[in-house]
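S.K.: Below are the chains, spelled out letter by letter.
Protein chains: 2
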Amino acid sequence: MSWEDGIWKGVPYTPGEQPKRDNLIKLNTNECPYPPAPGVEKKLKEMEFGRFRLYPDPEASSLVDALSGYYHVPSDQIFVGIGSDDVLAMAFLTFFRNGREILFPNITYSFYDVWANLYNIPFRQIPLKEDFSIDPSDYKRENGGVVIANPNAPTSLFMPLSGIREILDANRESVVIVDEAYIDFGGETALPLIDEYENLLVVRTFSKSRAMAGMRIGYAFGSKKLIGYLQDAKFSFNSYTMNMPSLELGVEAVKDDAYFKEVCGKIVATRDRVAEELKALGFTMPKSSTNFLFASHEKVPAKELFEAMKKEGILVRFFDKPILNRYLRITIGTDEQMDTMITFLKGYLASK
Amino acid sequence: MSWEDGIWKGVPYTPGEQPKRDNLIKLNTNECPYPPAPGVEKKLKEMEFGRFRLYPDPEASSLVDALSGYYHVPSDQIFVGIGSDDVLAMAFLTFFRNGREILFPNITYSFYDVWANLYNIPFRQIPLKEDFSIDPSDYKRENGGVVIANPNAPTSLFMPLSGIREILDANRESVVIVDEAYIDFGGETALPLIDEYENLLVVRTFSKSRAMAGMRIGYAFGSKKLIGYLQDAKFSFNSYTMNMPSLELGVEAVKDDAYFKEVCGKIVATRDRVAEELKALGFTMPKSSTNFLFASHEKVPAKELFEAMKKEGILVRFFDKPILNRYLRITIGTDEQMDTMITFLKGYLASK
Numbered sequence: 157m158s159w160e161d162g163i164w165k166g167v168p169y170t171p172g173e174q175p176k177r178d179n180l181i182k183l184n185t186n187e188c189p190y191p192p193a194p195g196v197e198k199k200l201k202e203m204e205f206g207r208f209r210l211y212p213d214p215e216a217s218s219l220v221d222a223l224s225g226y227y228h229v230p231s232d233q234i235f236v237g238i239g240s241d242d243v244l245a246m247a248f249l250t251f252f253r254n255g256r257e258i259l260f261p262n263i264t265y266s267f268y269d270v271w272a273n274l275y276n277i278p279f280r281q282i283p284l285k286e287d288f289s290i291d292p293s294d295y296k297r298e299n300g301g302v303v304i305a306n307p308n309a310p311t312s313l314f315m316p317l318s319g320i321r322e323i324l325d326a327n328r329e330s331v332v333i334v335d336e337a338y339i340d341f342g343g344e345t346a347l348p349l350i351d352e353y354e355n356l357l358v359v360r361t362f363s364k365s366r367a368m369a370g371m372r373i374g375y376a377f378g379s380k381k382l383i384g385y386l387q388d389a390k391f392s393f394n395s396y397t398m399n400m401p402s403l404e405l406g407v408e409a410v411k412d413d414a415y416f417k418e419v420c421g422k423i424v425a426t427r428d429r430v431a432e433e434l435k436a437l438g439f440t441m442p443k444s445s446t447n448f449l450f451a452s453h454e455k456v457p458a459k460e461l462f463e464a465m466k467k468e469g470i471l472v473r474f475f476d477k478p479i480l481n482r483y484l485r486i487t488i489g490t491d492e493q494m495d496t497m498i499t500f501l502k503g504y505l506a507s508k
Numbered sequence: 157m158s159w160e161d162g163i164w165k166g167v168p169y170t171p172g173e174q175p176k177r178d179n180l181i182k183l184n185t186n187e188c189p190y191p192p193a194p195g196v197e198k199k200l201k202e203m204e205f206g207r208f209r210l211y212p213d214p215e216a217s218s219l220v221d222a223l224s225g226y227y228h229v230p231s232d233q234i235f236v237g238i239g240s241d242d243v244l245a246m247a248f249l250t251f252f253r254n255g256r257e258i259l260f261p262n263i264t265y266s267f268y269d270v271w272a273n274l275y276n277i278p279f280r281q282i283p284l285k286e287d288f289s290i291d292p293s294d295y296k297r298e299n300g301g302v303v304i305a306n307p308n309a310p311t312s313l314f315m316p317l318s319g320i321r322e323i324l325d326a327n328r329e330s331v332v333i334v335d336e337a338y339i340d341f342g343g344e345t346a347l348p349l350i351d352e353y354e355n356l357l358v359v360r361t362f363s364k365s366r367a368m369a370g371m372r373i374g375y376a377f378g379s380k381k382l383i384g385y386l387q388d389a390k391f392s393f394n395s396y397t398m399n400m401p402s403l404e405l406g407v408e409a410v411k412d413d414a415y416f417k418e419v420c421g422k423i424v425a426t427r428d429r430v431a432e433e434l435k436a437l438g439f440t441m442p443k444s445s446t447n448f449l450f451a452s453h454e455k456v457p458a459k460e461l462f463e464a465m466k467k468e469g470i471l472v473r474f475f476d477k478p479i480l481n482r483y484l485r486i487t488i489g490t491d492e493q494m495d496t497m498i499t500f501l502k503g504y505l506a507s508k
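First to last, the protein sequences are chains A and B. Under the working numbering, the first residue of the first sequence is numbered 157, with each subsequent residue one higher. Under the working numbering, the first residue of the second sequence is numbered 157, with each subsequent residue one higher.
It is worth saying that the hints were derived from the structure and are not from the lab. Be a bit skeptical, because a hint or two may be false.
One copy or two, either will do: identical chains are not told apart, so a pair holds if it fits within one copy or between any two.
To be verified - Here are the simulated DSSO-like cross-link-like pairs (lysine-lysine), alpha carbons at most 27 Å apart as the crow flies:
1. K381 - K165
2. K502 - K198
3. K198 - K422
4. K435 - K467
5. K502 - K467
6. K176 - K380
7. K285 - K422
8. K201 - K380
9. K466 - K176
10. K201 - K296
11. K165 - K201
12. K176 - K411
13. K455 - K435
14. K381 - K201
15. K201 - K508
16. K380 - K165
17. K411 - K201
18. K502 - K381
19. K176 - K201
20. K422 - K411
21. K411 - K199
Only chain A is shown next, with the shape it has when bound in the complex (with noise of 0.2 Å):
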């Protein structure tokens, strides 16, 4: 017998590469290209620092009500983390313990299997259809719950919410998760559902549309009972998750709304323009309804792009793995950034 036997041995996400070099045009990890809303900065100066030795609200309330107000959801109907993915590994590990399988496509984000590897939660992964599409009838079996992000990762794609729907009255005996990181970007969100579905958990982040990915502030809604007990694992885990710096900057990203749309509307902007001059350039992508593009040249291999880019110092997401190595997920930047991006594959693609 050895220390060991008892070990958790499995394999990590891997996250898209955070490099220490500075002058990148970094399009891989799906961050906003422009700071957080500037009420954010002048609270950073203003934080009472000889606070920081006390412990932080476990109640996380502020940031709690500050979400409650703007999105009229009753404050004990949300959930707050350290990012949708602290947010997501709760939900699994409070909801999905029957030992049923849970659903959820084969191409989405790739921590849903992660966290069912984590701790060793059946699962099965549904095809998508050729299109990228998600068909709900597929999720019409017997699980032990479901997890959907719509808008769907790296796809871009977004599944109509009457499609949720049918989901939703399928699966009255399992928890089903809408993961709605890009739903800032398009789509229509599960939101006014949490009221007929007790079973629904729709979880966000301020990671993309609010700029606030190094604070690392995650959130979801659903009824009080549902909320009731991710509350009660989570002060099972750890009872203070969310540091006083995320809380009080956090409920100031929520504040500015004006910024906050000013933001998604250029980053929806840039992403359609430049959806047309990737597609003069000979790239086919599904319609986006996030702050990315998920593109593939009809000539030139995704890796080799990829690759050549990176040499240009233009950072992008490459997948090497069946059907997904196909394409390059391109996280929507400044236009000046895409203008640079273009320009160069214009040229590299000319010179083939």
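Assemble the complex: chain A is given as a structure, and chain B must be docked to it using the hints.
M.R.: Only chain B this time, still in chain A's reference frame:
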């Protein structure tokens, strides 16, 4: 069948109250009465706001390297998390999976059994001796892991390193965690033993001696192999646990060794003085190696004192459980705060 069938239901840990009133003498959660190192404040003002839009370094290299330099432990033998609670929560999840009972004292940090319940880890709580000390020979039975807080809480007692070594020698086949949240206030660290025992994890926190409870920073030392397993689980849970402020401000706290030692020294001096004054008032207590006293009055019940002090705006911790309910856990505050408390107790006890 109901959607609630697969849900984990359990009783969470109850942290000490974080009251929202300001004019309290707060001696209930073992926080540091002094602010963090001055360099932390300086860095806070200089922090690059624009970088918040980017994900933080998932490896937390700057903080890990700072700890590596300070403690002379290679970086690949150091793990960091969101407070020592996060480190311990990940350690329980990673290490105790063989279905065998893990062992810890019946009176100790009351989060251990909560984590065990959260992950369905069987456990056995081993009674302390009459004088609250831990008998190492009690840990020489088959087990799936051992967890010892040293110094222990809320007893404040330190077990000599020979006892830790005795436990390690008897437990080559499971992981042994030594939780050293309070080690900077007394006792001898097990840190050097990580070179001898591949299965030893030594856990620490910035919340007490480094006055950073509000930032949520914990860390742990172990063999390269042990830390590697912990990293794999962490990267299967949340890629980016430490946000930018905790990384940047944590480094500053480690840098200022003189301040750190001054703060610890002041707290130890206050503690030892206050212990004598409490004894003169009829209290008894184990000899503390921590930043708190675990004190029982010869005549007046702890609960009565707790309530009287609370009414006076002096908040200490009272555990309403057998044995523990004879004691108050009193965090060491500033000299001034402790004088106010002593004066109040003197008056209250004289009036009895």
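S.K.: Does each hint hold? Answer for all of them.
M.R.: Evaluated hints:
1. For the homomeric pair K381 and K165, the shortest alpha-carbon distance between copies (12 Å) is at most 27 Å, but the shortest distance inside one copy (33 Å) is not.
2. In this assembly of identical chains, K502 and K198 lie within 27 Å of each other by CA distance neither inside one copy nor across copies; the values are 41 Å within and 47 Å between.
3. When the C-alpha separation of K198 and K422 is checked against a cutoff of 27 Å, the pair qualifies only within one copy, where the shortest distance is 23 Å, while the shortest distance between copies is 35 Å.
4. Taking the shortest alpha-carbon separations for K435 and K467, only the intra-copy value of 23 Å comes in at or below 27 Å, while the best inter-copy value is 71 Å.
5. Taking the shortest Cα distances, K502 and K467 sit within 27 Å of each other inside one copy (16 Å), while across copies they are farther apart (74 Å).
6. In this assembly of identical chains, K176 and K380 lie within 27 Å of each other by CA distance solely across copies; the values are 24 Å between and 42 Å within a copy.
7. For the homomeric pair K285 and K422, neither the shortest alpha-carbon distance inside one copy (31 Å) nor that between copies (67 Å) is at most 27 Å.
8. Proximity of K201 to K380 under the C-alpha cut-off of 27 Å is found in neither arrangement, the shortest distances being 36 Å within a copy and 39 Å between copies.
9. Within a single copy, K466 and K176 get their C-alpha atoms as close as 14 Å, which meets the 27 Å cut-off; across copies the closest is 51 Å, which misses it.
10. In the homo-oligomer, the alpha carbons of K201 and K296 never lie at most 27 Å apart, since the shortest distance is 52 Å inside one protomer and 54 Å across protomers.
11. Taking the shortest alpha-carbon separations for K165 and K201, neither the intra-copy value of 43 Å nor the inter-copy value of 42 Å comes in at or below 27 Å.
12. For the identical chains of this complex, K176 and K411 are inter-copy neighbours only, at 22 Å across copies versus 32 Å inside a copy, given an alpha-carbon limit of 27 Å.
13. Only within a single protomer do K455 and K435 lie at most 27 Å apart by alpha-carbon distance; the minimum there is 13 Å, versus 84 Å between protomers.
14. In the homo-oligomer, the alpha carbons of K381 and K201 never lie at most 27 Å apart, since the shortest distance is 39 Å inside one protomer and 41 Å across protomers.
15. In the homo-oligomer, the alpha carbons of K201 and K508 never lie at most 27 Å apart, since the shortest distance is 51 Å inside one protomer and 50 Å across protomers.
16. For a Cα distance limit of 27 Å, the shortest separation of K380 from K165 across copies, 15 Å, qualifies, whereas the shortest one inside one copy, 35 Å, does not.
17. In this assembly of identical chains, the alpha carbons of K411 and K201 lie at most 27 Å apart whether taken from the same copy (17 Å) or from different copies (22 Å).
18. For a Cα distance limit of 27 Å, the shortest separation of K502 from K381 qualifies neither inside one copy, at 54 Å, nor across copies, at 48 Å.
19. Proximity of K176 and K201 under a CA criterion of 27 Å is satisfied in both settings, with 25 Å inside one chain copy and 23 Å between copies.
20. For the identical chains of this complex, K422 and K411 are intra-copy neighbours only, at 19 Å inside a copy versus 42 Å across copies, given an alpha-carbon limit of 27 Å.
21. With identical chains, the CA atoms of K411 and K199 are at most 27 Å apart both within one copy (12 Å) and between copies (25 Å).
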